[in-house]
Amino acid sequence: MPAVGPQQLNVRRHPTGARDPCVMRQSRFLLAALLLLGLGLVWPAEAQYWFHFGRNKIQYEDFDWHVLKTDHFDIYFYPEMQELAEHGAAFAEEAYTELQNKFNFSLGHRTPIVFYSSNLHFKQTNVTDGFIPDGVGGFFEFLKGRVVIPANGNLHRFRRVIRHEIVHVFTLNKVARAYRDHRIPPDRFLPLWFTEGLAEYWSGEPDFQHEMVMRDALFSNFFTGLQNIYRINGTYFMYKEGEALCHFIAETFGEEKLLEMMDNAWRDRDFRRVMEYVLREDFQVIGDRWEDWLKEEYYPRLSGAEVPTLLTAAVSARGFNSKPVVYRHLDGQRQVFFVGNHSGYSNLYQVDVDDEYRPIAKPQPLIRGERGGRFESFHMLESRLSISPNGMLAFVTKSGENDVIHTYDLHARRYGDSYGFDGLIAVYSPTWSPDGKKLAFSSIDQSGHIDLYLFDLAQGALQRLTRDLYDDRDPAWSPDGRYLAFSSDRTSLGHQHAYNLFRYDLQSGIIDYITFGNHHDFSPRWSPDGKHIVFTSARKDSSGRYGGQDIYVVHAAATLPPLVAIDSMTAAPGTWLPSAAPSVRRLTHLTTAAFDPVWTEDQYLIFTSFENFNFTIRSLGAVDSLLANAKQQQAVNLAAANGTPWQFPSIKAETQVEKIRYRRRYGLDVAQGQISNNAIWGTSGGAVLSFSDLLGDDRLFLMLYSTGQFGGSLLKSMNIELSRLELHRRTNVGYGVFRYGGRRYDFTDPDASLTFPWYWEEVYGAFGAVSFPISKFKRIELSTAASYDRKQIPENRIDREAYLVSSSVALVHDNALFGMNGPVDGWRAKLSVAYTTDVRYSRVNYVTVAADIRKYFRIHRNVTYAVRAMVRGNHGREARLWFMGGSWDLRGYPLFDVRGNKMWFTSNELRFSILDRPFLYMPLLAAFGISNLRGALFFDAAHAWNDGYRERIPQIFAGETLGSAGLGFRLNLFGGFVLRYDLGYRFREGFTQRDDHLFRQFFFGYDF
Amino acid sequence: MATIAHKVVFWLVLLTSGCAVLRIPDAELNSAHRDPSIVAPPLRLAWTYNAGAGFGEEAPIVLGDHVLVATRNGDLHAISVTSGKRLGIKSFGESLEGAPITSGRMLYVPVDMGRRSLVAFDLERSTIAWRRSGDAVSVGLLALESGFVSVDQVPVVRRHDGSSVVWERLLDEQHQIHARPLLASGHIIIADEAGLIQALDPGDGAVVWQQPLRFPVFTGMASAAGRIFVSTTRGTLFALSAANGTMLWTYTHQDKSARLATAATDASTVVFGATDGTVTALEADSGRALWQWQGDGAIAGAPYLNEHAVYVGSMGSMVSALDRHTGTLSWETKLRGRIKSAVAGYDDFLVVLSEPRYVYLLKSEAE
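First to last, the protein sequences are chains P and V. Each residue of the first sequence is one higher than the last, beginning at 1 in our numbering. Each residue of the second sequence is one higher than the last, beginning at 10001 in our numbering.
Because the hints were derived from the structure by calculation, they are not lab data. Hints may be right or wrong, so weigh each one.
Unchecked claim - Partial selection, computed: residues in chain V whose CB lies under 10 Å from chain P:
{"id": "1", "residue": "Gly10235"}
{"id": "2", "residue": "Ala10289"}
{"id": "3", "residue": "Gln10292"}
{"id": "4", "residue": "Asp10296"}
{"id": "5", "residue": "Glu10355"}
To be verified - Just so you have them, the derived chain V footprint on chain P, three or more residues with Cβ under 8 Å:
{"id": "6", "region": "100 to 111"}
{"id": "7", "region": "175 to 188"}
Model, not experiment: these values are computed from the prediction. For every residue, glycine included, the Cβ atom is placed at its ideal position computed from N, Cα and C.
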């Protein structure tokens, strides 16, 4: 590979100690927030309805979307990634051809596939409103049949994910067709283990991760049998078990039976019966046979295997831990650093260890992630850490739109500079040069290609070392400073998805092989003396299955005759000519897997181990002895590496298929109608329609609702709102027009009766709203509304017109970490100011100020102390009332009963676990959807008032300090619906009086 | 009170009987079968009929002016060949997957779900003559000179003579039957999903010969001139001697992962589609490839073959007419949905079943 000269890439350096490096372009926020904001605009004083916090999904990039129209797909892409999209188009068509045979089915429509060049771009998609975490390879959205997939530098992975998602497209259409053919309502779904397992199974042979997980499940005894597979629904493990189950069915009963299960899904709502019908076995027997099959497949491999927890010592074993590095301070103190997640947030941890790498203290967070824009997220499974000889720690986080390399001085205990690079989207695994003046790393650029880069810190110069479609990752700088060892699929066996180790000569720009073979050789690190390279490798055994991912050592080239290689600048592809054969030694024979080994100066290996579905940091001593007594030693057959470098097919835009610019066309998302009948309010009904374009960037909403009681009042009581949300920019914009009319029952109206606040109102107007996300966790919201308002309250002889203009500004922060029943860590707050005035008559004129702050102290993994403080005030003419009461705020008082223009409120809760995930050990509860049971000790206090703080208005509890204290229970059903039951005592008159009887409240909803 | 009750009963009877009327006049039942050989391209759409549900793999049948179409929601529709109007409909309650057969005025209907596996329907009187309880029957029936043969999901093969069972034979319970049984060289030919082909004696059900193909068979067979053609799901078609089961030849498709659809054959040619969208014609004697045509969309139903052309429907919603001798496309038209069922040809028209629930009659315009 050629050395490439310094690139015209701008480097953004964030000064030392910068608190918020979000100077990079960012954009956009939550759809739900804007929706609520838009609705709230009409009556701004009702800002208490704006309980929306939430994080921001920011649209940093304004993608210039184009469409490739292949035979069966519309491929959406942006010009920077056209080459990748052309590969993706070929992969999709290739998958279609194969799956058409497997499914005995053709799709009756063109399937839209949206490609992104990296996971960071993928996170910005508006096709789904949800946040997309690291590690999500793609998704199929079944309402509009859209497939969304990011490339992440690895074309094999890209190809596999495309196949996976297209299997979903076929499955959905095939089964839907079977239902429709038989006139069965399509309200039944195949079990997730089947659909995901089939998608995995039909997207390629089981990979080494599948084997790792299944082996671990059997060896560590957490395998979940067919009878109980619902318990792991939605988990990563379910994907792998589902894949194994489909594999078993195909091998035992024939692959056609997988299709038969889809064709016969209409026969019974219970998929177990469908399985029994198709496989002609009792469900229990199928499960037993599967377990036997797995045991026969995997148990023989236990022979001679070493269990990581028995072979090695734990450095950090709690929670998730990965990517360790070691540093020895000048005073001899050793520390191990790693990224992990011990309590919900991901952090960079440090742990003090003794001279045998035994922890002498608990791991402590050194750098806290996921709480602010600077360290938005760590790539915990993908990006390694590096420490320079002078104690500068380099690590990567997502920081705004792109990844940024941060430095931290371990001696001075302070942050160093941070480096972001224009045009480089994702950055992985920085490695320091021995002199600590340069960093090498791998990075994905706008095109989606991952390559190696070199950055000179002093000069600010960025040099691109490779430029091709191969997946170059995990660079490691040799101690003599001359070489970078790295892992890549550029091997001539890359077409079989092999990864080997390579060496980049920084003097000559030549790349040559270090290892060769149909393996997955990853994570090279040099030994301190530079004579060896330690790495992990997953290799297939004689049965064709991958064995454990073990630690290997290869002699580094420094001690070998120089390899002969040809600079690919001048040579035709595929002419790497290695001439010497280093030997590889296998140091471990693990039951499961090792990752990211580090070779310490005192001959220890520190690495991540996977066992019992847990990633832990472990140490293994006496490397010399391990080398001398290697489990296996073999020469690398570099002579075999003469094959032509692989290439993937592609469908060329413009020459082979049509390429057009994307134009928005709206399709229906939701159409919902409703009619209700109420003894007081009579019959009312309406409908909501929403439309959006294919990319979800532009959304239209139409709401129609009538509360009319008889023919003449139908139109008079018609409520109409037409609104539009534009989400394709960083700043989200919403606007619309509305007409509301009819009877209203409004506790907040100051003119309405306090006991039965009924009146007639007619409002015509328009609104606009803008939301600017500062980071994922903060945003500014601006809104304004203008309306003509006519209100009639016959009892009070009020009939007034007003031309209202109201505007508001709000600042929102939210980094709260959610448990199953509500937030358990972090904090969120909203400060808002609004002004409402009648521009013609001045009958309405008031200011709104509101602050709501919620902080969550995680005392223990299952115990959280939550505090909420809230102040609200409307001051001026016709200022509206706020209200409280009910299970969501002031407990013990009925909903809406506590009211006033102004109020303060505080709530304190000690939340604790009673039953955590009971469905795992009490399967009976799963049928009722019981996910957990938690308790809460609470104390609430509030005071509402109008003019005078102590001016009493008994009907609305104004003018006195109220409160309550007691105990609550929260029950999560089906993972998303929380039931609340509180009991306690009410306090009044400034807590001088306590009610005699216990109150009891039953409601639903998440904790504050 | 009694008067009201009588009225209610009267209207209920009228309504329900009105829904169930399926009657074919004696004259049409006894009329000679139509000539299936003269339809020639081009064709034009004569009519479309909405049958309300999807269809199985097998072709509809035509009796006189009646097209009889079974649907997967359990209805049997009688449609006028002339007008495309509904002449009658009978609900059998559960899915009808295999095609019914007629014998005299009796219509025998295999039912794919529930415990009512077989229903004999008197077409002249529009009444159910008898029902047979038992395991569902998912494949079409085989008409014999006397009686007929059914294969249920167990699978048990039965020879029926009217409502009585002459004999029954239990096959391997681990393997279902997806192929409609055939009568060839005087034997009843059965293929199970594991690829075991068996010839049974029509007289007593005894096994005459067996031939394990070891290739899955999930679709129908074809036979002509003492040969049986078995399509498999893994790209291979087998030709067997119907007399003794010996393998005559095999054909391996270029894409071995393709599922081959039920073949159509006459004495000289065997034609079949595949899920890769190809239609292949082979010489029936030798298996030599005559031609191959590439269409758009998987082909799951059997083609219709006559002296002029090969007609095939695809999941790309196309009905195509190919020159019988060269395989060149001579005519095609697009319908409203996938075509998964066999194409039926009679006189000068084709009957094609397509998703989501339509019956098409395409009439020949050729001179």
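We went through each hint and held it up to the structure:
no. : hint       : result
1   : Gly10235   : 9 Å, holds
2   : Ala10289   : 20 Å, violated
3   : Gln10292   : 16 Å, violated
4   : Asp10296   : 8 Å, holds
5   : Glu10355   : 7 Å, holds
6   : 100 to 111 : holds (count 7)
7   : 175 to 188 : holds (count 5)
Comparing the model with each numbered hint stated earlier shows that hints 2 and 3 do not hold.
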